[in-house]
Amino acid sequence: MVLAATWGGCNAASVGQGAPEFELPGASAAVKLSELRGKVVYVDFWASWCAPCKQSFPWLNEMHARYRGLGLEIVGVNVDAKRSDADQFLAQVPARFTLAFDARGDTAGRYEAKGMPASFLIGRDGTIVAMHVGFRVEDKGRIEGEIRRALGVN
Amino acid sequence: MQRRIPRILLAACLPALLLSACAEVKPWQKGELAKPAMQFDGDPLAARLAQHVYFSKEGASGGYGVGGGGCGCN
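So the protein sequences, as listed, match chains P and U. Numbered as in our numbering, the first sequence ends at 161 without a single skipped number. Numbered as in our numbering, the second sequence ends at 83 without a single skipped number.
Hints listed in this document are in silico derivations from the structure and should not be mistaken for laboratory results. Glycine included, every Cβ here is placed at the ideal spot set by N, Cα and C. Some hints could be false.
Which chain U residues face chain P? A few, computed with CB under 7 Å, are given here [as the list claims (entries may be wrong)]:
#1 36
#2 37
#3 40
#4 43
Under the rule of at most 25 Å between Cα atoms (straight-line distance), these lysine-lysine pairs were calculated in the DSS-like manner [claimed, not checked]:
#5 U:35 - P:39
#6 P:39 - P:121
#7 P:89 - P:61
#8 P:89 - U:44
#9 P:121 - U:44
#10 P:61 - P:121
#11 U:39 - P:121
#12 P:61 - U:39
#13 P:89 - P:39
#14 U:44 - P:61
#15 P:61 - P:147
#16 P:61 - U:35
#17 U:35 - P:121
#18 P:121 - P:89
#19 P:147 - P:121
#20 U:35 - P:89
#21 P:147 - P:46
#22 U:39 - P:89
Chain P stretches covered by chain U per the calculated footprint, using a threshold of three residues with CB under 8 Å from any CB of chain U [what the hints assert, rightly or not]:
#23 50-62
#24 75-88
#25 111-125
Only chain P is shown next, with the shape it has when bound in the complex:
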């Protein structure tokens, strides 16, 4: 078991490496990471019970509105075991970006999410450009800067 844990750590997602592939059920159609190649993808792992996630959603909607046209795709990966918990959260805090549902936490496990929320900024070539754990209002500007750099806008 310990061995498995260390082994898992070896292929954990990290900056400069290729983002682990995933295919998950979405709000309407399945969401597959490789189909988004060529876009800058912001993968955000969130849960209904996570307070900072609730804070981050309006900002994610704002980023979606501002940079969607320039090639940004935000994928909010929900890790709730029960879909109804996620739906209740979404009724309170609507998401205008793409949603995916990872009820078993397999994808979160492959990305080795260190906390909730955990986000991964993936460049157009599919490599991870930046990683964040948690959401703090004061980090908004810095993360937006990273998104802009990944998109190639200044």
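Keeping the supplied structure of chain P fixed, place chain U upon it in accordance with the hints.
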């Protein structure tokens, strides 16, 4: 002599069996733990009040990171 080997084996396997119960809870698996029913204190305000009364009565200072001499006035 033949009986001792299984015993040693059992003794060696027992910690492994016990260890398997200590699975790490990953950040995305903390949904159940985040429920209000899983908190030590039912009501945060009541808990704070009880703590205040406790350290005032005990006359100890700094135990909860708050100064106090036992007068109950802080």
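Hint by hint, here is what the structure shows:
Nearest Cβ of chain P to the Cβ of residue 36 of chain U: about 5 Å, under the 7 Å cut. The hint holds. Here the hint on residue 37 of chain U is kept, as its CB sits about 4 Å from the closest CB of chain P, short of 7 Å. Annotation: interface hint on residue 40 of chain U holds; nearest CB of chain P at approximately 5 Å, less than 7 Å. Hint on residue 43 of chain U holds. Least Cβ distance to chain P is approximately 4 Å, under the 7 Å limit.
Annotation: proposed proximity of residue 35 of chain U to residue 39 of chain P holds, straight-line Cα distance about 24 Å (limit 25 Å). Between residue 39 of chain P and residue 121 of chain P the CA atoms are separated by roughly 22 Å; this keeps the pair inside 25 Å, and the hint holds. Pair hint residue 89 of chain P plus residue 61 of chain P holds up; C-alpha atoms about 17 Å apart against a cutoff of 25 Å. At most 25 Å may separate the alpha-carbon atoms for a hinted pair to count; residue 89 of chain P and residue 44 of chain U meet this at roughly 14 Å.
Restraint check for residue 121 of chain P and residue 44 of chain U: satisfied, since their Cα atoms lie roughly 20 Å apart, inside the 25 Å limit. Simply put, residue 61 of chain P and residue 121 of chain P have alpha-carbon atoms about 18 Å apart, close enough for the 25 Å limit, and the pair holds. Distance check on the hinted pair: residue 39 of chain U and residue 121 of chain P sit about 12 Å apart at the alpha-carbon level, within 25 Å; holds. This hinted pair checks out: residue 61 of chain P and residue 39 of chain U have alpha carbons roughly 16 Å apart, not beyond 25 Å.
Only pairs whose Cα atoms come within 25 Å are accepted, and residue 89 of chain P paired with residue 39 of chain P is accepted, the gap being roughly 21 Å. For the given pair, residue 44 of chain U sits about 16 Å from residue 61 of chain P by alpha-carbon distance, which is consistent with the 25 Å threshold. Simply put, residue 61 of chain P and residue 147 of chain P have alpha-carbon atoms about 14 Å apart, close enough for the 25 Å limit, and the pair holds. For the proposed pair residue 61 of chain P and residue 35 of chain U, the alpha carbon gap of about 20 Å is at most 25 Å, so the pair holds.
Restraint check: the Cα-Cα separation between residue 35 of chain U and residue 121 of chain P comes to about 8 Å, which is no more than 25 Å; the hinted pair holds. Between residue 121 of chain P and residue 89 of chain P, the direct Cα distance comes to roughly 21 Å. Compliance with the 25 Å bound is thereby established for this hinted pair. A C-alpha spacing of about 19 Å is found between residue 147 of chain P and residue 121 of chain P, which places the hinted pair at or below 25 Å, so the restraint holds. Annotation: proposed proximity of residue 35 of chain U to residue 89 of chain P holds, straight-line Cα distance about 17 Å (limit 25 Å).
Simply put, residue 147 of chain P and residue 46 of chain P have alpha-carbon atoms about 21 Å apart, close enough for the 25 Å limit, and the pair holds. For the hint pairing residue 39 of chain U with residue 89 of chain P, the CA-to-CA distance comes to about 13 Å; that is within 25 Å, so the pair holds. Counting residues of the segment 50-62 of chain P whose beta carbon lies closer than 8 Å to any beta carbon of chain U gives 5, which meets the minimum of three for the stated coverage. Given as covered by chain U, the segment 75-88 of chain P passes the check, having 3 residues with a CB less than 8 Å from a CB of that chain where 3 are the minimum.
Given as covered by chain U, the segment 111-125 of chain P passes the check, having 8 residues with a CB less than 8 Å from a CB of that chain where 3 are the minimum.
The structure agrees with every numbered hint stated previously.
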